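**Q** The lines below spell out each chain.
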Amino acid sequence: MFDVNNIRKDFPILSRTVNGKPLVYFDNAATSQTPNQVIDVIADYYRNYNANIHRGVHTLSQEATDAYEAARNTIKSHFNAAHAHEIIMTSGTTHSINIIASGYTQLLKKGDELIVSAMEHHSNIVPWQMLCERTGAILKVIPMNHSGVLEMDVFNDLLCEKTKLVFVNHVSNALGTLNPIEEIIRQAHAVDAKVLIDGAQAAPHIKADVQALDVDFYVTSAHKLCGPTGVGMLYGKENILNLLPPYQGGGEMIAEVRFEKTTYADLPHKFEAGTPNISGGIAFGAALDYMNGIGLEAIAAYEQELLDYGTDKLKAIEGVKIYGEAPQKTAVISFNVNEIHPYDIGSILDKLGIAVRTGHHCAQPIMDFYKIPGTVRASFSFYNTKEEIDMMIKALNRAIQMLK
Amino acid sequence: MSIQEIQEEIIEEFAMFEDWMQRYEYMIDLGKTLPLIAPEFKTDDNIIKGCQSKVWVHAELKETQLEFTADSDAIITKGIIAILIRTFSNQHPKDILDANTDFIDQIGLKEHLSPTRANGLVSMIKQIKMYAIAFQTQLN
Numbered sequence: 001m002f003d004v005n006n007i008r009k010d011f012p013i014l015s016r017t018v019n020g021k022p023l024v025y026f027d028n029a030a031t032s033q034t035p036n037q038v039i040d041v042i043a044d045y046y047r048n049y050n051a052n053i054h055r056g057v058h059t060l061s062q063e064a065t066d067a068y069e070a071a072r073n074t075i076k077s078h079f080n081a082a083h084a085h086e087i088i089m090t091s092g093t094t095h096s097i098n099i100i101a102s103g104y105t106q107l108l109k110k111g112d113e114l115i116v117s118a119m120e121h122h123s124n125i126v127p128w129q130m131l132c133e134r135t136g137a138i139l140k141v142i143p144m145n146h147s148g149v150l151e152m153d154v155f156n157d158l159l160c161e162k163t164k165l166v167f168v169n170h171v172s173n174a175l176g177t178l179n180p181i182e183e184i185i186r187q188a189h190a191v192d193a194k195v196l197i198d199g200a201q202a203a204p205h206i207k208a209d210v211q212a213l214d215v216d217f218y219v220t221s222a223h224k225l226c227g228p229t230g231v232g233m234l235y236g237k238e239n240i241l242n243l244l245p246p247y248q249g250g251g252e253m254i255a256e257v258r259f260e261k262t263t264y265a266d267l268p269h270k271f272e273a274g275t276p277n278i279s280g281g282i283a284f285g286a287a288l289d290y291m292n293g294i295g296l297e298a299i300a301a302y303e304q305e306l307l308d309y310g311t312d313k314l315k316a317i318e319g320v321k322i323y324g325e326a327p328q329k330t331a332v333i334s335f336n337v338n339e340i341h342p343y344d345i346g347s348i349l350d351k352l353g354i355a356v357r358t359g360h361h362c363a364q365p366i367m368d369f370y371k372i373p374g375t376v377r378a379s380f381s382f383y384n385t386k387e388e389i390d391m392m393i394k395a396l397n398r399a400i401q402m403l404k
Numbered sequence: 001m002s003i004q005e006i007q008e009e010i011i012e013e014f015a016m017f018e019d020w021m022q023r024y025e026y027m028i029d030l031g032k033t034l035p036l037i038a039p040e041f042k043t044d045d046n047i048i049k050g051c052q053s054k055v056w057v058h059a060e061l062k063e064t065q066l067e068f069t070a071d072s073d074a075i076i077t078k079g080i081i082a083i084l085i086r087t088f089s090n091q092h093p094k095d096i097l098d099a100n101t102d103f104i105d106q107i108g109l110k111e112h113l114s115p116t117r118a119n120g121l122v123s124m125i126k127q128i129k130m131y132a133i134a135f136q137t138q139l140n
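Residue numbers (the working numbering), protein chains in the order written: chain A, 1 to 404; chain B, 1 to 140.
By construction, these hints were calculated from the structure, which means they are not laboratory data. All values reported here derive from a predicted model rather than from experimental measurement.
Calculated pairs, EDC-like style, for lysine to aspartate or glutamate (alpha carbon to alpha carbon, straight line, at most 20 Å):
hint	chain 1	residue 1	chain 2	residue 2
1	A	Lys21	B	Glu18
2	A	Lys404	B	Glu25
3	A	Lys207	A	Asp289
4	B	Lys126	B	Glu67
5	B	Lys94	B	Glu67
6	A	Lys404	B	Asp73
7	A	Lys21	B	Asp19
8	B	Lys54	A	Asp368
Sequences are here, hints too, so could you generate the full structure?
**A** Pasting the structure below:
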């Protein structure tokens, strides 16, 4: 039974104050808070079995390796990958995308086409632009409409035999839109293009089944789903990952090193040069266990309630305009009030203990589309409450009063 | 008035306020008194990098004194730049260069600003000093 009051007890940070006011944390799309169950796993690692992994014969190293690989298995099961070695541990979504973008340098030729959506985070735009610069490939964009929904008929027109890669986020960070990735993957595969799905915003709310989706690459970060920062994952189909060259050279990723020629390790180690974020990786597994303990379906249902409640309350305020009103979206509300700069609102909300994000949310093309400097973004998580939304509304009214 | 005297005056004004709310309200009011930049200088070149909101600053030499005008698309930011311009406008470039900006801390502005905005504040001061360097060279 989903009980938000019990859940809140797991998150020590939620009981702190900010500027003398109780913290209301509504910046979950930027990073989620961390429950004791995950914090304890990190502390336990450093207190009891901190050691480098995959090489030591001693007990600590063995324990650390086992815990790290167990986490990989947890991630594998969560996303239903066929093999644990298809899960590459990375520093986060950005790192994951860069591994693929870098790896495709030798696989593309001039005139090949890549397709991106209009509502991507800069992390899912810039690495591909750099890939285009290296290879002469061309970047095409799936446009979106004013509700923040992708124009799928245009996507269909963009696809052709020159299309090699399609990369779209599962959920938009700035708008919350849930994209029709099943259809995108199916249509892309019909022209033999590969698909990368950026799951950074989706993973805290939706359990992606990579085999059922038949997706080629799926990437996400642990810190969006109650895990620590600096760790994430890249899922890739074994046969495609094997085609790609290593991203970085170093320890861990080698089979044999000779000055004449070095041979590379097999998956997943080929892409895991250097000592990884060991405690982070272990904690990533613990975070997934924690979320699954509550149940992602229960989480999504509760967050939908918060989204509906927050949307209604905000719309009742005169002058509020919400950006991103896709029929299917996660608990993210991007908005502005009349002509007030989002930064002014965010500054005053902060003084009242309310943490929201302001600005372009690393998605400048979306702001250009709406011709606005940015938005105020409130993003809810399963540990937030309707009472907290009421507090935000009260604070917002006060800010509007001051700024009008 | 010297820069030092103006800064002391501002510190005194801000000392009257009991909480951040009154300070913010005062800053919003100060923003309304900002000598606005002429439209032809409100260009992308004159935007100060490092602020989340847009801030434009322009400087002109009037005999031996620098006169600043500015604008911002955010109201609170407008108040901050108004405080800086009140301090540094109509002063000799050398005095602007020599002035320290500790008063920002003393009026509780920096501690009440988010780190990104505090960085923006640093960028604004830097830009004002850059103008002073440029015109100081011209005067020599």
